[in-house]
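Number of protein chains: 2
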Amino acid sequence: MKRFTPEWTEAAPPKGSWRSVFKYGNPSEFKHPSRGWYEMIKQDFSMTDADFRTRRDEGLEQVRLNRPVTLEPRHRARFEDMVGAQNVQSDDYSRVRYASGKTTEEMLELRHAVAEYAADLVIHPRNKQDVQQVVAYCHEHAIPIYAFGAGSSVNFGVRPAQGGISLVLSTHMNRVLAVNELNQTATVQPGMYGPAYEEALRMAPELFHTAHRYTCGHFPQSFEYSSVGGWIVTLGSGQASSYYGDACDLVISQEYVTPAGTFRTHDYPATATGPKVNDIMKGSEGCFGILVEVTLKIYRAMPENTRYFSFMFPSWEAAVDASREVCQGEFGMPAVFRISDPEETDRGLKLYGMPSFVDAFLQKRGFRPMERCLCLGTAEGQRDFARNVQRQVRRICREKGAISLGGYAARKWERTRYKEPYMREDLMDYGVLIDTLETSVTWANLHRVHREVRDYIKARPQTMCMTHASHFYPQGTNLYFVFLMKTDGLDEFRAFHRGIIERICASGGSLSHHHGVGRMIGPWMEAHLGPEQMAVLRALKRHFDPRGIMNPGGQMGLD
Amino acid sequence: MKRFTPEWTEAAPPKGSWRSVFKYGNPSEFKHPSRGWYEMIKQDFSMTDADFRTRRDEGLEQVRLNRPVTLEPRHRARFEDMVGAQNVQSDDYSRVRYASGKTTEEMLELRHAVAEYAADLVIHPRNKQDVQQVVAYCHEHAIPIYAFGAGSSVNFGVRPAQGGISLVLSTHMNRVLAVNELNQTATVQPGMYGPAYEEALRMAPELFHTAHRYTCGHFPQSFEYSSVGGWIVTLGSGQASSYYGDACDLVISQEYVTPAGTFRTHDYPATATGPKVNDIMKGSEGCFGILVEVTLKIYRAMPENTRYFSFMFPSWEAAVDASREVCQGEFGMPAVFRISDPEETDRGLKLYGMPSFVDAFLQKRGFRPMERCLCLGTAEGQRDFARNVQRQVRRICREKGAISLGGYAARKWERTRYKEPYMREDLMDYGVLIDTLETSVTWANLHRVHREVRDYIKARPQTMCMTHASHFYPQGTNLYFVFLMKTDGLDEFRAFHRGIIERICASGGSLSHHHGVGRMIGPWMEAHLGPEQMAVLRALKRHFDPRGIMNPGGQMGLD
Numbered sequence: 080m081k082r083f084t085p086e087w088t089e090a091a092p093p094k095g096s097w098r099s100v101f102k103y104g105n106p107s108e109f110k111h112p113s114r115g116w117y118e119m120i121k122q123d124f125s126m127t128d129a130d131f132r133t134r135r136d137e138g139l140e141q142v143r144l145n146r147p148v149t150l151e152p153r154h155r156a157r158f159e160d161m162v163g164a165q166n167v168q169s170d171d172y173s174r175v176r177y178a179s180g181k182t183t184e185e186m187l188e189l190r191h192a193v194a195e196y197a198a199d200l201v202i203h204p205r206n207k208q209d210v211q212q213v214v215a216y217c218h219e220h221a222i223p224i225y226a227f228g229a230g231s232s233v234n235f236g237v238r239p240a241q242g243g244i245s246l247v248l249s250t251h252m253n254r255v256l257a258v259n260e261l262n263q264t265a266t267v268q269p270g271m272y273g274p275a276y277e278e279a280l281r282m283a284p285e286l287f288h289t290a291h292r293y294t295c296g297h298f299p300q301s302f303e304y305s306s307v308g309g310w311i312v313t314l315g316s317g318q319a320s321s322y323y324g325d326a327c328d329l330v331i332s333q334e335y336v337t338p339a340g341t342f343r344t345h346d347y348p349a350t351a352t353g354p355k356v357n358d359i360m361k362g363s364e365g366c367f368g369i370l371v372e373v374t375l376k377i378y379r380a381m382p383e384n385t386r387y388f389s390f391m392f393p394s395w396e397a398a399v400d401a402s403r404e405v406c407q408g409e410f411g412m413p414a415v416f417r418i419s420d421p422e423e424t425d426r427g428l429k430l431y432g433m434p435s436f437v438d439a440f441l442q443k444r445g446f447r448p449m450e451r452c453l454c455l456g457t458a459e460g461q462r463d464f465a466r467n468v469q470r471q472v473r474r475i476c477r478e479k480g481a482i483s484l485g486g487y488a489a490r491k492w493e494r495t496r497y498k499e500p501y502m503r504e505d506l507m508d509y510g511v512l513i514d515t516l517e518t519s520v521t522w523a524n525l526h527r528v529h530r531e532v533r534d535y536i537k538a539r540p541q542t543m544c545m546t547h548a549s550h551f552y553p554q555g556t557n558l559y560f561v562f563l564m565k566t567d568g569l570d571e572f573r574a575f576h577r578g579i580i581e582r583i584c585a586s587g588g589s590l591s592h593h594h595g596v597g598r599m600i601g602p603w604m605e606a607h608l609g610p611e612q613m614a615v616l617r618a619l620k621r622h623f624d625p626r627g628i629m630n631p632g633g634q635m636g637l638d
Numbered sequence: 080m081k082r083f084t085p086e087w088t089e090a091a092p093p094k095g096s097w098r099s100v101f102k103y104g105n106p107s108e109f110k111h112p113s114r115g116w117y118e119m120i121k122q123d124f125s126m127t128d129a130d131f132r133t134r135r136d137e138g139l140e141q142v143r144l145n146r147p148v149t150l151e152p153r154h155r156a157r158f159e160d161m162v163g164a165q166n167v168q169s170d171d172y173s174r175v176r177y178a179s180g181k182t183t184e185e186m187l188e189l190r191h192a193v194a195e196y197a198a199d200l201v202i203h204p205r206n207k208q209d210v211q212q213v214v215a216y217c218h219e220h221a222i223p224i225y226a227f228g229a230g231s232s233v234n235f236g237v238r239p240a241q242g243g244i245s246l247v248l249s250t251h252m253n254r255v256l257a258v259n260e261l262n263q264t265a266t267v268q269p270g271m272y273g274p275a276y277e278e279a280l281r282m283a284p285e286l287f288h289t290a291h292r293y294t295c296g297h298f299p300q301s302f303e304y305s306s307v308g309g310w311i312v313t314l315g316s317g318q319a320s321s322y323y324g325d326a327c328d329l330v331i332s333q334e335y336v337t338p339a340g341t342f343r344t345h346d347y348p349a350t351a352t353g354p355k356v357n358d359i360m361k362g363s364e365g366c367f368g369i370l371v372e373v374t375l376k377i378y379r380a381m382p383e384n385t386r387y388f389s390f391m392f393p394s395w396e397a398a399v400d401a402s403r404e405v406c407q408g409e410f411g412m413p414a415v416f417r418i419s420d421p422e423e424t425d426r427g428l429k430l431y432g433m434p435s436f437v438d439a440f441l442q443k444r445g446f447r448p449m450e451r452c453l454c455l456g457t458a459e460g461q462r463d464f465a466r467n468v469q470r471q472v473r474r475i476c477r478e479k480g481a482i483s484l485g486g487y488a489a490r491k492w493e494r495t496r497y498k499e500p501y502m503r504e505d506l507m508d509y510g511v512l513i514d515t516l517e518t519s520v521t522w523a524n525l526h527r528v529h530r531e532v533r534d535y536i537k538a539r540p541q542t543m544c545m546t547h548a549s550h551f552y553p554q555g556t557n558l559y560f561v562f563l564m565k566t567d568g569l570d571e572f573r574a575f576h577r578g579i580i581e582r583i584c585a586s587g588g589s590l591s592h593h594h595g596v597g598r599m600i601g602p603w604m605e606a607h608l609g610p611e612q613m614a615v616l617r618a619l620k621r622h623f624d625p626r627g628i629m630n631p632g633g634q635m636g637l638d
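These protein sequence lines are chains B and L, in that order. Following our numbering, the numbering of the first sequence begins with 80 at its first residue and continues without gaps. Following our numbering, the numbering of the second sequence begins with 80 at its first residue and continues without gaps.
Hints may contain errors.
Unchecked claim - Just a few of them, taken from the derived set where beta-carbon distance is under 8 Å, the chain L residues facing chain B: (1) Val167; (2) Thr313; (3) Leu608.
Since the hints were derived computationally from the structure, they do not count as laboratory data. Glycine included, C-beta positions come from ideal geometry on N, C-alpha and C.
Isolated chain B, as found in the complex (with noise of 0.2 Å):
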């Protein structure tokens, strides 16, 4: 008897449907759950073929907002006069479409046909001149802005809470200004995605004359879909950052416009001129001003050289306890590394399939289902460094009592490590969510808030949790908690995603390691960061933008 598979969706979202708005990534791209995801889904939420065999809330209708415009049109004038007629829409799809992020409270509401939030015009500006003008009007005009790079925030961080403005940097402002080779930087504009930064980088010697091939280092998982300036303006943090650096640490300086004026910080690699005006602004996730040109450190790119690795630990405890060890020895940083939970590592098996006789080698040699642990890295740089990297990495996890697996699980972890959050819409067509949560902690307090915040999810009946650690400091690293349950109910749902916060905080956790705040976790900031800390922002808020007009209406707890 042949198996059933659900028929996943295969067809690119019709144009203009709500359904193109909260798709991930490419609208012809998809990566259907594996059959081993299939049946570990069905059997873990005690569902059988027959709840998949009809999609539900696919969001195929065209986007109506019903909502009038309520700008008055004496502005959309002048809007149409500053940046061109063109470079200004209203229609209902553009509306939605820049106001949305990639939340599952926003895809569970786009499938009901519901945007509870939209700019009255979106503008895409053609150059700084055009944001400085544009951003010069609204001060002066009261109208809230809302900056839009490539949408891929999962906090409401593009949300336009109060109407007005969205102002779209993708559309235009995305090209590589320069290349400096001497101080190995380049300059870029913030709506420049990653592939196209990447790709110029590598290109370098054919594109700005250079005398090596450059990388940027930073390839978040929504790389293919993530903007250059939201990379900064919201502290996120690329795969290889253990070596490479969060994106904080590769800013060299910047250019913003804000109602208090448009500056640009100094390309000193270090100064000692007082509190850095260029760190402040970084992670103020469009609250201060609009990023509209930054430098960053580039990195020769040397891929030849790039060490792959993989070690089976015999429990949590020991990965840990080596990860701490290839942070804290001094050797330099291994780029890629990461280590997975019990139930991250089991689940991973089963899904990508390990032989059987490996499974029962593994056994027999102590490394037991809900005990083991998955570690996967790359060593990158220099070849020597990057062998040194790799041999120490060695012999640390073999003295915590790990065994090699070879280059094989990292290799395909890297080649496949974009296409993870296509899967959400498949299963979600079945009333089957998955989302993540991710905090920063201590080595000191790592245990307490896995094994908190992991109870906490598993206490809701029929419900995966799979955690992993993939940015490591000597001081602590992060841990990434990815969720799954079936639900239909956007409350119920919206009430577990709220506890898990609650419980990250409650543990010692950070309220965000590299996702940003955004109107989501904004209303914890106060509480996490104490009231005199806030104060200092909501004193830089107001200096910057006295009017309340850049990104109003509850983005990270400000207003």
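Chain B is already provided as a structure; the job is to place chain L on it using the hints.
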């Protein structure tokens, strides 16, 4: 005939004397100019032995201020209640001592029994609660507060420009509170001096029951007479910063007492929760509040792995090119790395007595006087890592035409590195001034800044100018200008000194790489940063310190 040697001061300054205020470092320690220095100075400045027969303006008299305490007596009583009567002083000596840093201008004034500025009261808080009470009281009564750590400021950063309180943090608040080996951090009080801090970390197994010995990684030239808090609030940089990072990079979390409240930032290794207040406080130079506790990264101490190297380059251009290649080579950074320009190299070779056959050999090989450049440094960290750094440095230096001189010069430099400042008083006793100014540069602008600033200094007749770069980054480095001149005129010195700052700015260097701003550089801040960025700093100032009591009177150009 026996050669004349000046009678350099060999006795500790009299207790309570002006000299005891301005003398650098240990009162009983001296490093006299070598015979080489002495001969070179006579020759370059057209001086004779006769000029070195009588010391002038030694400042051996007792400090007398002849200026009454203007603060109302009722305040003093309240302060005594807070911190204990023994921790409140108003004698002339204390008022002058804790008002003085180590600028040439201050030394010249103190030699003439002049102290333009002094606080009314000197307070030595016992703990952070004391600081909280003092700050709250001063805020209530609008009394200025000036923080004093170890007093090695070279920019009038501790000068009580408006009287009030000198708050001395090094008297009691000078301990390591905790070493967290899991997180690899130490929590320290701000008044701890460098050597005591480093000693505690080296002794961590005995003192804190750790498995490893640790190092702080921060070794500025002022190490022995600087405080941990000072490193951070002035954005200092140690001589091994290329590997360990600048002071700002070492800070994990901080606790500040400000008029707007007391707060402690989180210990997470990284977060994406908006602009980081932890960063905003770094470099605030006492203008926002008082640093009362700091948690710093520490590093495993592995001195047995240190590798020393030195090279001679045929030219400054070759030395710079090699340095850039080292920084951009992706094999990890050397810890110490220094390149000296031709004048510094040649004077150094003369001073430290290079045998003439070595000089002849070097010249024959094309390493000519006033062209050749010395490079020295160390590689630290894990054994194979350090070995590879050394190997790559050697490869690159050779490719750029250098020859290896072995490790001797680097070891010798290391042994004497903290002693150079001791020569200042000896020379000043005979009217010869040594001073330094420093800047940071991108690689692209390095040569311009070096050339233009040097041209300015050398345009003054009979003036030495020795320049090195000593803090390296992939995007650039610093330039450190050491100049010697003969003058008795404070006004002439001041004008010349200010002229150098102007030239640094005009040629595109930063106002400061690691000396901070203080009151000396404050007047240039607005032009350097631009009005928009200066307005951000002023907005923060208003927020933290609405009544302007924290280090008021020109600090950082804020008021």
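Tested hints:
1. Val167: Check failed: Cβ of valine 167 of chain L comes no nearer than 28 Å to chain B, outside 8 Å.
2. Thr313: holds (6 Å)
3. Leu608: With Cβ-Cβ at 7 Å, under 8 Å, it holds.
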